[in-house]
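**Student:** One line per chain: the protein sequences are G and F, in this order. Each residue of the first sequence is one higher than the one before, counting from 1 in UniProt numbering. Each residue of the second sequence is one higher than the one before, counting from 1 in UniProt numbering.
Check each hint, because a few of them may be wrong.
As the list claims (entries may be wrong) - Result set (BS3-like, lysine-lysine): computed pairs, CA atoms no more than 25 Å apart in a straight line:
1) G/Lys106 - F/Lys676
2) G/Lys182 - F/Lys333
3) F/Lys204 - G/Lys227
4) G/Lys182 - G/Lys199
5) G/Lys182 - F/Lys676
6) F/Lys653 - G/Lys227
7) F/Lys296 - G/Lys199
8) G/Lys199 - F/Lys204
9) G/Lys182 - G/Lys192
10) F/Lys204 - G/Lys325
11) F/Lys681 - G/Lys106
12) F/Lys600 - G/Lys227
13) G/Lys301 - F/Lys658
14) G/Lys325 - F/Lys658
15) G/Lys199 - G/Lys106
16) F/Lys681 - G/Lys199
17) G/Lys199 - F/Lys360
18) G/Lys106 - G/Lys179
19) F/Lys466 - G/Lys186
20) F/Lys663 - G/Lys325
21) G/Lys186 - F/Lys210
22) F/Lys415 - F/Lys360
23) F/Lys296 - F/Lys153
24) G/Lys191 - F/Lys296
25) G/Lys191 - F/Lys153
26) G/Lys227 - F/Lys415
27) G/Lys325 - F/Lys449
28) G/Lys192 - F/Lys681
29) F/Lys449 - F/Lys333
30) G/Lys227 - F/Lys360
31) F/Lys400 - F/Lys466
Calculated from the structure, these hints are not laboratory results. Owing to the predicted nature of the structure, the values given are computational and were not obtained by experimental measurement.
Okay, here's what each chain looks like letter by letter:
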Amino acid sequence: MRPILMKGHERPLTFLKYNRDGDLLFSCAKDHTPTIWFADNGERLGTYRGHNGAVWTCDVSRDSMRLITGSADQTVKLWNVQKGTQLYTFNFGSPARSVEFAIGDKLAVITTDPFMELTSAIHVKRIAGDSTEQTEESVLVIKGPQGRINRAVWGPLNRTIISAGEDAVIRIWDSETGKLLKESDKESGHKKTITSLTKAADGSHFLSGSLDKSAKLWDTRTLTLIKTYSTERPVNAVAMSPLLDHVVLGGGQDASAVTTTDHRAGKFEAKFYDKILQEEIGGVKGHFGPINALAFNPDGKSFSSGGEDGYMRLHHFDPDYFNIKI
Amino acid sequence: MAAEVMLMNEIEATAAQMGIDMNIDFSSIQLPPGENCGIISDDDDVYHDDQLEFDSGFGNVIVVDNLPVVPREKFEKLEGVIRKIYSQIGVIKEDGLWMPVDPETKKTLGYCFIEYNTPQEAELAKEKTHGYKLDRAHIFAVNMFDDFDKYMKVPDEWAPPEIKPYTPGENLQKWLADEKARDQFVIRAGTDTEVLWNDARQSKTEPVYKRTFWTESFVQWSPMGTYLATVHRQGAAVWGGANTFNRLMRYAHPQVKLIDFSPGEKFLVTYSSHEPSNPRDANRVVINIFDMRTGKVMRDFKGSADEFAVGGAGGVAGNSWPVFRWGGGKEDKYFAKLGKNMISVYETETFSLIDKKSLKVENVVDFSWSPTDPIIALFVPELGGGNQPARVSLVQMPGKEELRQKNLFSISDCKMYWQSNGDYLAVKADRYTKTKKSTYTGFELFRIKERDIPIEVLELDNKNDKIIAFAWEPKGHRFAVIHGDNPRPDVSFYSMRSTHNLGRVAKLTTLKGKQANALFWSPGGRFIVLAGLKGFNGQLEFFNVDELETMATAEHFMATDVEWDPTGRYVATSVTSVHEMENGFNIWSFNGRLLYRILKDHFFQFLWRPRPPSFLTPEKEEEIARNLKKYSKKYEAEDQDVSMLLSEQDREKRRMLKEEWEKWVSEWRRAQEEEKLERQKLRDGEASDEEEEYEAKEVEVEEVLDVSEEVLSFEE
């Protein structure tokens, strides 16, 4: 089926997120306004106005009532999904890079960039059921890793936090005490900045993408490296199909190097790999420039990609896709 | 030594007082990559001898003997004279001139020591002033300080040399006897150098040997593939062997930059260029010619870079490499160097000039050897504003007879291309048009093997076309030319043996508008790859010249290099680190089918291991070609077996992976199941879990929006 081209952002896309039911798609871009779309036909539902800087990330609660967004304007905001109103604003001294609700939506993990004299940090905030009771203070602040932390997500039962970033190391922290529990092996792990990290639908394993031109699949509990997918370009975004054993990698060279490369190179593709055999299945072309964000619809029947070119592309799979045999 | 021990004790005592732990765990210290802090790697120990000289610090000291013996009054005057002589050559260190005085007679002893800043300067001083006549009675005898030690150690009594028992050498050609008739290649990526088999049947490589920091700049195969040369600070080394790569010989040459093998692998030429101490001087060049097997220097050439930079263009620092060009085929009989108004031809029996003098040719700018015969083709440009025409002539060695000469008019530039059997020579001549504003190109084709060497002139159909590339078919009679001015040039094929007229060159075909700027013939002829490198982003066209048809077109994006394997069965295209992205190489079959690709960051070199020429006679080769079906049967059966095995292995591997994955998944399910209750608790008892089947339900909802009553009039 022809992809649906979604124009709504004026600047490069940064993040995409489907809600649990798979009927809504949230997009973040460098143009300050997170946007909500119908995941089926790509129609724009509305925008969330209030941020004053690039929006790096978002997450939506399980009941699709609340949206949390993290921005370079040094704030993290809670929104009412339906009305588009701001519920609360957390202020930080540095840009927020990643946010995620915990299981049960009572906690959120937020990472902030190193900025001025501040080092990067992982914050855990309690999210009140009633937003009028929401408070600013953090339950836990973890400092330690060097450089930007590009992604932090919750481990099983909210007991751990998994973080990854510029120092190419994946770390598992105790979410109660903030103690470092595990670190990925330097030998087998990534060699360059980890740009993205996404959990499997059941949270049992996760996929990390890195500028070292590879993506790796890890066991969430033991941090054992399970698979490695090598590609030819730095990986900016990764996604896993909830339906089939497929992973998707998106990337391209740095934005600064785009102009020096021929787009005919065709490497700005979303590349599909067989999750188990680690073999390339195919690619989906379209973006002019690298892909910055990828997300799979929870039903596994469509996926969307967001590019440096400011466009989003929504792809519904053809029936053939579900019969791919290697 | 005692003082040092004392010192150490003191330090430890002080440390103890201050409570500093002096026990350092050295294994815990990690050096930054690329930094060895002066610690020699395992590999370097082999060069230890050379290293020691530097360690002793006397490499830059010379001893000047046979000085006048002077009393104290004249001491300063003599010192002044010596200083004047020696500071011209290099910078003498402060207090670097020391003339010992006999304590009894208060006279000098007739010798002095001079210390320079660098060993190179010292060596130069030794060379330049050894035998310098200060006056009739005093002829300088100059030696390196380190040499004294060496000569002192020579025992006075002659002892018969120990005869080492003969150990049979390894079979250096073993790789040729590979059961699957595969070829090897070497790649260099990052700090690793690797030799691999090209296992095209299984579409993969098979490792032979790998080593980190094997070479300091590049590697190079010898022309017949026997040796692999590596380049180091201390010199070059060659490697080879039956099953692995052992070091076979080392060739000491500090700061060596370039190396070159003689075609028959008998000799190795090494080149280095040193910064002069005086920046106005040209670089100092040292060239050594080694005997490959013994490692002995057969002859060395030293001089300023200017002496080696006549004629030619490009290369390193204005020199065209190789400076010495080998001639006379695989016998390695002659080598020649271009000089000012002459070509110096040496022969390897005595390593001296043929007839003790160079070949005098006024204003010669370029020359090249026939690949098989001792024939030199040389080019003299136009002189005197066109009064004296440019000239190409063929000279036979060692007799120096001119075989053929051709005068060419209004020439701007000229290039010579030999066919690999030495049958033909093509001279590409760029001529000025009448207005002298632009140039056009024509070819002069020499038939070397025919009587009187007939010459034929070939001009392209459109003679204003620029020539982008030219290449002879190896061992064949055809050549290919890329020509044209527009972004999509044409490619033409010509044959020296047309069907109607054996003595005429004839055009076979012209392919219009190709994205190509380089030509790569298969070593066996017949097939050619038209490649569009650089600006054309790596377009490849595999062309069959016998049938004049394109077999395949392909692209290896950004490809920088194309190389056929020595048998002409496979083609390797690579993207080297001149580009940041896409580094790695592709292996193609001769007809343009991609067999496999390997990506490597910081990819520097890809080189097929050359093969020596076949021992089969041309008749035998022809016979095999005729009965190819008979011979190929065996291999086809083998191929089939391999592919069967391969698919079997593949299935097995996949089954294993799937099984392993299933195991993981069931493990995860179990853990997930165990945590189910707790997860529900976290969600305030909400039962549904993510992993439960997602279902879309269609619900129809009817809502009564409004009810209104209308009275309709009933009409009859």
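**Student:** Take the hints in turn and mark each one as holding or not.
**Tutor:** Here is how each hint holds up against the structure:
1. G/Lys106 - F/Lys676: OK: G/Lys106 and F/Lys676 at ~18 Å, within 25 Å.
2. G/Lys182 - F/Lys333: The given pair, whose Cα atoms are some 68 Å apart, is violated under the 25 Å limit.
3. F/Lys204 - G/Lys227: Since the Cα atoms of F/Lys204 and G/Lys227 sit roughly 21 Å apart, the hinted pair holds (cutoff 25 Å).
4. G/Lys182 - G/Lys199: This hinted pair holds, its Cα atoms lying about 17 Å apart.
5. G/Lys182 - F/Lys676: Status holds; Cα separation ~24 Å.
6. F/Lys653 - G/Lys227: holds, 15 Å
7. F/Lys296 - G/Lys199: Not OK: F/Lys296 and G/Lys199 at ~65 Å, beyond 25 Å, violated.
8. G/Lys199 - F/Lys204: The hint is violated at about 34 Å.
9. G/Lys182 - G/Lys192: Holds: G/Lys182 and G/Lys192 sit about 19 Å apart, inside 25 Å.
10. F/Lys204 - G/Lys325: Distance ~23 Å between F/Lys204 and G/Lys325 Cα, so the pair holds.
11. F/Lys681 - G/Lys106: Measuring from Cα to Cα gives roughly 12 Å; hence the hint holds.
12. F/Lys600 - G/Lys227: holds, 19 Å
13. G/Lys301 - F/Lys658: Answer holds: G/Lys301 to F/Lys658 is near 23 Å, not above 25 Å.
14. G/Lys325 - F/Lys658: holds, 13 Å
15. G/Lys199 - G/Lys106: holds, 19 Å
16. F/Lys681 - G/Lys199: Distance of about 21 Å is within 25 Å: holds.
17. G/Lys199 - F/Lys360: Violated, because 79 Å separates the two Cα atoms, which is more than 25 Å.
18. G/Lys106 - G/Lys179: holds, 21 Å
19. F/Lys466 - G/Lys186: violated, 55 Å
20. F/Lys663 - G/Lys325: holds, 21 Å
21. G/Lys186 - F/Lys210: holds, 22 Å
22. F/Lys415 - F/Lys360: Within the cut-off at roughly 21 Å; holds.
23. F/Lys296 - F/Lys153: The hint holds at about 21 Å.
24. G/Lys191 - F/Lys296: violated, 46 Å
25. G/Lys191 - F/Lys153: violated, 54 Å
26. G/Lys227 - F/Lys415: Violated, because 55 Å separates the two Cα atoms, which is more than 25 Å.
27. G/Lys325 - F/Lys449: violated, 61 Å
28. G/Lys192 - F/Lys681: violated, 39 Å
29. F/Lys449 - F/Lys333: holds, 21 Å
30. G/Lys227 - F/Lys360: violated, 70 Å
31. F/Lys400 - F/Lys466: Violated, at about 35 Å.
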